[in-house]
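Asker: Here's the letter readout for the chains.
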Amino acid sequence: MDKTLTRRNFLSLRREAVAPAPAPRRVTSGLTPYSGPWTKRQALHLLRRTLFGAKKQEVLDTLDLGGPFAAVNALMTTGTPPPPPVNNYNSDRASDPAVPFGETWVNAPFSNDFEYARYISLKGWWLEKMMQQAPTLEEKMVLFWHNHLATQAGGVFNARMWYRHLVTLRQHALGNFKDMVRAITIDPLMLIYLNGAFSQAGAPDENYARELQELFCIGKGPNANFSEEDVQAAARALTGWRVDWDNLSSFFEPYFHDTTDKTFSSFYGSRVINGKTGEAGAEELDELLDMIFDNPETALFICRKLYRFFIYREISEQAEQEVIEPLADIFRSSGYEIRPVLETLLRSEHFYDEENIAAVIKSPLDHIVGIIREYNIAFPDTTQLSDGYTLRMYIWYNLLVLLQDPGDPPNVAGWPAWYQAPQFDRYWISTDTLPRRAEFSDAMLFYGYSTDNFVVQIDTVAYTASMDNPLDPNALIDEALLRATDMEVSAESRQTLKSILLSGQLSDYYWSSAWYDYTLEPSNGMKRFVVESRLKVFYKYLMQLEECQLM
Amino acid sequence: MLLPSLLNGFSFRALSASPMLRALQSSAIDNDHVLVLVQLGGGNDGLNTVVPLDQYDRLARVRKQVILPENSLLSLDGYDTLSLHPSMTGMRKLFDEGQMQIIQSVGYPNPNYSHFRSTDIWMTGSDSDEVIGSGWAGRYLNYEYPNFPAGYPNATMPDPLSIEIGYSLSLALQGPGTGMGMAISDPTYFYNFINGGQNPTPNTPAGDQLAYIRMITQQAQLYGTAIRGAYNNIDRQGSYPDDNYLAQELKIVARLIAGGLKTRIYLVHLDGFDTHDNQVDAGNHTIGEHANLLKNLSTALSSFMTDLKGLGIDDKVVTVTFSEFGRRIIANNSGGTDHGAAAPMFVIGKNVQGGVLGRNPLIPGNASEDDNIPMQFDFRSVYSTLLKDWFCVPESDLSSVMLKEFPALPIINISDCVSPTIREQNQQAGNLLLVNSPNPFERTTQITFESAGGQTMVQLFNSAGRIVATLHNEMMDAGDYNLNWDSGELPPGVYYCRLQTGSLSQVRALVKTGA
Numbered sequence: 000m001d002k003t004l005t006r007r008n009f010l011s012l013r014r015e016a017v018a019p020a021p022a023p024r025r026v027t028s029g030l031t032p033y034s035g036p037w038t039k040r041q042a043l044h045l046l047r048r049t050l051f052g053a054k055k056q057e058v059l060d061t062l063d064l065g066g067p068f069a070a071v072n073a074l075m076t077t078g079t080p081p082p083p084p085v086n087n088y089n090s091d092r093a094s095d096p097a098v099p100f101g102e103t104w105v106n107a108p109f110s111n112d113f114e115y116a117r118y119i120s121l122k123g124w125w126l127e128k129m130m131q132q133a134p135t136l137e138e139k140m141v142l143f144w145h146n147h148l149a150t151q152a153g154g155v156f157n158a159r160m161w162y163r164h165l166v167t168l169r170q171h172a173l174g175n176f177k178d179m180v181r182a183i184t185i186d187p188l189m190l191i192y193l194n195g196a197f198s199q200a201g202a203p204d205e206n207y208a209r210e211l212q213e214l215f216c217i218g219k220g221p222n223a224n225f226s227e228e229d230v231q232a233a234a235r236a237l238t239g240w241r242v243d244w245d246n247l248s249s250f251f252e253p254y255f256h257d258t259t260d261k262t263f264s265s266f267y268g269s270r271v272i273n274g275k276t277g278e279a280g281a282e283e284l285d286e287l288l289d290m291i292f293d294n295p296e297t298a299l300f301i302c303r304k305l306y307r308f309f310i311y312r313e314i315s316e317q318a319e320q321e322v323i324e325p326l327a328d329i330f331r332s333s334g335y336e337i338r339p340v341l342e343t344l345l346r347s348e349h350f351y352d353e354e355n356i357a358a359v360i361k362s363p364l365d366h367i368v369g370i371i372r373e374y375n376i377a378f379p380d381t382t383q384l385s386d387g388y389t390l391r392m393y394i395w396y397n398l399l400v401l402l403q404d405p406g407d408p409p410n411v412a413g414w415p416a417w418y419q420a421p422q423f424d425r426y427w428i429s430t431d432t433l434p435r436r437a438e439f440s441d442a443m444l445f446y447g448y449s450t451d452n453f454v455v456q457i458d459t460v461a462y463t464a465s466m467d468n469p470l471d472p473n474a475l476i477d478e479a480l481l482r483a484t485d486m487e488v489s490a491e492s493r494q495t496l497k498s499i500l501l502s503g504q505l506s507d508y509y510w511s512s513a514w515y516d517y518t519l520e521p522s523n524g525m526k527r528f529v530v531e532s533r534l535k536v537f538y539k540y541l542m543q544l545e546e547c548q549l550m
Numbered sequence: 000m001l002l003p004s005l006l007n008g009f010s011f012r013a014l015s016a017s018p019m020l021r022a023l024q025s026s027a028i029d030n031d032h033v034l035v036l037v038q039l040g041g042g043n044d045g046l047n048t049v050v051p052l053d054q055y056d057r058l059a060r061v062r063k064q065v066i067l068p069e070n071s072l073l074s075l076d077g078y079d080t081l082s083l084h085p086s087m088t089g090m091r092k093l094f095d096e097g098q099m100q101i102i103q104s105v106g107y108p109n110p111n112y113s114h115f116r117s118t119d120i121w122m123t124g125s126d127s128d129e130v131i132g133s134g135w136a137g138r139y140l141n142y143e144y145p146n147f148p149a150g151y152p153n154a155t156m157p158d159p160l161s162i163e164i165g166y167s168l169s170l171a172l173q174g175p176g177t178g179m180g181m182a183i184s185d186p187t188y189f190y191n192f193i194n195g196g197q198n199p200t201p202n203t204p205a206g207d208q209l210a211y212i213r214m215i216t217q218q219a220q221l222y223g224t225a226i227r228g229a230y231n232n233i234d235r236q237g238s239y240p241d242d243n244y245l246a247q248e249l250k251i252v253a254r255l256i257a258g259g260l261k262t263r264i265y266l267v268h269l270d271g272f273d274t275h276d277n278q279v280d281a282g283n284h285t286i287g288e289h290a291n292l293l294k295n296l297s298t299a300l301s302s303f304m305t306d307l308k309g310l311g312i313d314d315k316v317v318t319v320t321f322s323e324f325g326r327r328i329i330a331n332n333s334g335g336t337d338h339g340a341a342a343p344m345f346v347i348g349k350n351v352q353g354g355v356l357g358r359n360p361l362i363p364g365n366a367s368e369d370d371n372i373p374m375q376f377d378f379r380s381v382y383s384t385l386l387k388d389w390f391c392v393p394e395s396d397l398s399s400v401m402l403k404e405f406p407a408l409p410i411i412n413i414s415d416c417v418s419p420t421i422r423e424q425n426q427q428a429g430n431l432l433l434v435n436s437p438n439p440f441e442r443t444t445q446i447t448f449e450s451a452g453g454q455t456m457v458q459l460f461n462s463a464g465r466i467v468a469t470l471h472n473e474m475m476d477a478g479d480y481n482l483n484w485d486s487g488e489l490p491p492g493v494y495y496c497r498l499q500t501g502s503l504s505q506v507r508a509l510v511k512t513g514a
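Chains as they are written, first to last, in numbering that gives the first Met the number 0: chain A, 0 to 550; chain B, 0 to 514.
These are computed hints drawn from the structure, not numbers from a lab. Every residue gets a Cβ at the ideal spot worked out from N, C-alpha and C, and that includes glycine. All clues stand as given, with none of them false.
Chain A residues, not near chain B, derived (Cβ > 10 Å throughout):
id	residue
1	Q56
2	A133
3	F266
4	E531
Ranges of calculated distance between the beta carbons of each label pair, as one might list FRET restraints:
id	chain 1	residue 1	chain 2	residue 2	range
5	B	S71	A	F250	36 to 42 Å
6	A	R40	B	Q247	44 to 50 Å
7	B	R116	A	S265	16 to 22 Å
8	B	D185	A	Y393	17 to 23 Å
In isolation and in its complexed conformation, chain B is listed as follows (with noise of 0.2 Å):
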């Protein structure tokens, strides 16, 4: 037996002031804001997508085997100085609209250069010396809704938290203790177990693992009936390319979405960035990889574009495209380039504010093979200022999901928030089986917790996933237990404390203040 929603995990504060009760009884108010992120695979060269033109004779000397005839580049709505690759006219339109805005020479200090490293630190949001085990959306995820997995889907949220198009959950959507979304290939495909999955599992490593697939046999047959109805319910839409795995990627979204799913985060893919050779045609540089790339990428962004416009929802959804880093400053003989640092965003969207962040890179005129973008803008300051000004995250909050405080960016504009009502009634949604008083707290919390009866677990990690502490781990009756948790000489920040009891787990964030 488990207990409904009842306190907030942040604050008991909320509780008295809450008219939780008649939240709980309505459905949801369907004004949730979408965020669509769209990964630009392998590293994109921002030099050739968005061209400095005040260093374009610098460019042409140290990058002669890429650079874009002048005269080819799509210049931009009340911009000189810069311009867009040639096949990027859908994109263009957008900017030109004001539904578009590139951030320029985003990074990260100390940038690595390894694809699987820096793709990390893109999807966790750490620093580049630091290894953090959940993603930064997936962080967001918890925050928003603290109690998942335990009681979802429910009312409040009866639909898969994030969703990625493709066949498993990246890191950027993992969150503290579990995967926060669910991975779909094809939303029309249901299979229907004949067993539910929910016999208890042995406190064993090999019991972790059964846990683990057995709550992914819930959602599969929870979220998969959600997921197709979504789908059925939408019988039109604009058109998309069919040669282009990004735009079909973006039409289920955008069919998803208008078809009523309540997620909040769509994860979509573009690979092939990493051109190291053959990034253009060496008879004509407006051709080849990167140009086949481009055009795919800007092709999808309009359609679906123009398709939320059709659909109605264009006013609940932004979109952001990220890569793991830009490329070098200087081409390499193999008619491409390598591994660089920082390159542009966009971040597309009704709400958005258009227009161009930042000044364009400066090209030192004797570039080396050592020499890349400096950053001017942290990525982690773009993620923040869309928790914060998209899913209204109070600032006080920024930091248990960032970990570290960003400086907030002019990107969208900022209109209806969540109301406090719908995030307290998100983070009461499910069954609430750990919570934590005070927090945040100096050095000692109390942990109050609901076993199901039968081995019962509870741990804290750090933010790298490290177990830091076992509080408890034992059989035990089913019930409601206190334990008090002394942080000792544990450095301030974001912990968390992970419930495992029977096959259900609970994560909740917890955060020192005292040193």
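Isolated chain A, as found in the complex (with noise of 0.2 Å):
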């Protein structure tokens, strides 16, 4: 190597580039109802980000409703709320004396030698909801508001505690945003989990009145500036609530309460909070909040949030002015519901706009549930109470090295990946994780969870034969792609996946009649084994493309 050479080939080949042009602002659109065409493209999309995964059929079903209006309708409606959590966890070696096999735990008494596996339970619960979801947005708002109210229940370690956060987030997740931080302030996982049961007149602990207005509400935005003494001043006002570990409700005590007046700094308009005494003490909490949703940073913060939740990680100014204001407004006007927001960001041009399709990077759940649903991984049911416990735990392991732990992010922000600049969603893929996630595909794959009666696996022959066409090994490849992904993937990958299909034969009839033969004869385990020993290397190397870790 001769450096001045390349030096000089360097400095003499190079050409004067053309002048150049800003770039191009791309996204230009806002909250207009999208009127483009209704494809499996605008389908999958929305689904993707707003369920765990898309299955084929609710992909059919989101197409037949002909548009976003009639779609996004569907996707709010909510269920009735879940059955409690049962005692799937008793076995041989322990049973719990004060729940029977089968029974709910959720009313039975703390119990230190059950409450982990209580716990455990309610995981799994809650893994279940997720991937038994109908296709509404229920459970993607449940998690938005774990992630957005954030707790960790494995600190405050209460089974039932936590059982009773997780129904209020439920039973508000599409509901009012101001009722559910009301809920929130005064509920007892959060009260313990924040300090704010022992905070006191005269040694007020300003955990949760800091993290009130920082994190749940007002945010870090250009504008939020509130100061120090608001910390202090909503912690006094937030004086004198307690729990009830019997009953596992939260009440006023008066006697806590600090009665003195609390003065606001000139970003609440210099409000002062009138000290109670008695019972009357309560009602600084709704007056604090009041001050708080008057504040035009509220609305503003969450749509925010929403924002990198459901439709990209940066937000340009364009956005910032054509969709998060209008946005916010239509939050405050409407007292803060939270469905009219949802509706028109889901419906608008802006949602559906070519370049956000495809930015997200999945999360764990979105990954890890995703697949369970897409590929139609079966779970036990409740004839199968002890393996169910068993295998969702399997499940569970995997988030946990995958970083998303339901019920325990790392900390009261929630999860890096939707608040940490610059790294956003990249929080999620790094060099440990990402093999990881291939690592949970390749399990799911060639060998599966078991237990000593189910095995919780991808059959990836039935998945083979919901296709429109498998008999052709291009349609195939083309469905299969579609079905994974919302990038165009490379010639070279797919003539990869291609020579997967036909052991590096170059007629496509060699797949074909593989499976023919075996479609003819489906109990014939030789046959059988010809189609699936090649359909799980092809899904192996699917699924570790780059192009499905986005969505």
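Got two chains here, separate frames each, mind docking them using the hints?
Answerer: Here it is as structure tokens:
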């Protein structure tokens, strides 16, 4: 290597580039209702963002609805509250004396011996809700609010209290945000988690008062200028709330309440909450929330957070002006109703803008629950409670190493993917987690997770049979890719997929005849093995395509 | 086709004097210093860690709920006005041996009391009211290895630039354009991807994400082998307590350094310092959550130092602790303390000067809820000193990494710095795709870049990570191109030029001096 020559080469070969044009502003759309084509592409985009993965039938149903108006309407329905988790943790070795097997434990007294089992039972219960979700926004919104009003259940470690907390989130998930914040402020789990239950006149604990403003409502936007004095004043207004450990409810205890006046900064219009004595002290909570919700920052902050969750990591100036600000107006004028905001956003031209499709890195729950749903992986039903308990625990382990343990985010800010600039959703993908994502898909394809009675695994043959035309390898590749990613995959990758199906042969006929032979005689183990052994490698390669990490 | 390394991004002058060919053919000389960062997550209560004895009576009045009995404290050789928490026996020994320095009341002006914001400030080295998109350590690594990630790994730097023990990379290790390191949770774990992640990506937001994931695929493959190899080179180590996460993380770090990794910076964690409640046991203040945390910290660090010595690498490692803030002077009624401001840092290593830097904090006799420990030293002075005296960054270049000038502190016994030859070699490693001249510049600078063919983008960012100009964004043939950038009325400071061509990207720091 001769550096002089190389340098001359470098300097002499260069051409003058065309005069730099400013980068085109590529997303110009706003909240105008989308009226463009309604194809599988739009239906998949909508469902991937609002559900965990999209099943084939769900896509077809959404397509049939004809457009975003009806499709979003369908997503807004909420079901009846699910039945509570049951004792599925009794085993030969240990049996909960307070709760019969198959009966719910959510009303049983705290148990030193079984609290951990109940906690795992509840993790599995929540995972089951996601895995068996109806095609509505409910589960995604429960996750959204859990991330937003974050608690760490493992730290408090009272499964019944955590269950009640989850019921509260679910109850308000598509309801009214202000009502939800009020309920969560005096929710026993939150009162314990952020020390509100230990805060009292003379020694107010600022933890909840700070997060209520910084993380839950006002946020950290450029104009979120609440002060340290506001944190301290809010802490004093919130003194006196206590937890009744027997009933797992909260109550107001005037004895602990700070009865002096609370004066807030100019950010809140120098508002004064007059100190109140006796039971009236509890009203200061509502005055405080009225003040916080009167501030325009609250609606802006929540709309930005919804944007990052449902649309894209970065909010351009254009998006701030044409999406966030009008959306925040809708939010405020509706009195903080969640539905109108989501409806407007998910029906907008902005949401369906080509630039926003496949631009989000899947969260671990999107990856794992998405695979379970899309590939129709069966789990034990209520007749096999112990197996369900164990197998959902395996799924939970995977979520742990992929950094998204539902119920236990890293801290009160939730997961960094939804707040930490500049990485945002890139947080999910590291040299440690990317291989582990592939390991999970490998597990589902090759060996599964099993108990004595049940194996959790992808049936690649059944999944392939659900394609429109599995006989034709080209059609099979097209549909498998369409179902797995919204990105165009390179010709080389398609070629690799095809050569896996054809075992390196050139004629499509080899795959077609192998599949045809299998369909003639599905119970013939050898014929099934011929197609299945190829399909496992085929889907392994497909699921490892980086394109499949996007949605 | 990519050009080999040929130019120094910061100065063309180095080129003529460079014995580059020789340097490139030899393998890098193995005398590089290593820095280990220990993050104490949650905000460590400095006043119960290093206790100012001359303020004890006042402390006992305003934080009686958590105060440590005076007779339980650990005295320090040669210092009679301060002492350590009773569970820090290991660190006391390091101090008495002259291997640990205490820096008093470290913080930054206008402290922020939010965990997240204050952590960001410590990670990025920003001012309190300023947002910066890259980490201070990431910017240093971008300075030392400006061509990364194009052409990495290579013979000069075959290993990750930095390693975080954990599952994802912290802001501190983010460079101006990309993460400057990798996260590992298990050095023996290796996954073989079947596709290589090499295809070009479209110039869309989705394409950007795809390019990022492909880069992680490639790094996982290339660096996974190197890490496993280094790990397996060592078969005997000193002992570390099993029930101590920090100790187990440091055990991996010692093993990787001794095993031959050339990685420059490690980041490890000990979380749980957010002791709003139950910081101490109500009946016995010398036990409780904080005591357990400090015991784990102290034991982990002393095991690590003993191991480094046994492995013969104690000369090349400096370890520093940091936390997003200290805690409030007065205690609350939950048996804990709320978010505060300045707190002590510990710097540990054979080449550390030892002793105590700074004076004891003064506790007001009538301390109220709002009172906090004022800062004596800016944490960026500590970082800047480590860059200058441990990583031997020339003083003239420090402000391009730290974005400002900070006074140096007497922390390191300056000995064998990285030689200029090694620095030059580091800066030339990898494939040079992007260069500008002159640099620093007054108002206009010429940017020369190589396109791999296809959609190619050249953008300029300020230190907050905001785009200030897109100079070029279109399809082009493979080859070399020139652009002139007129920075106009933009204020003087550090800007980052980012080239994205195919799946490759490179970032270069440009320094504007003119107004």
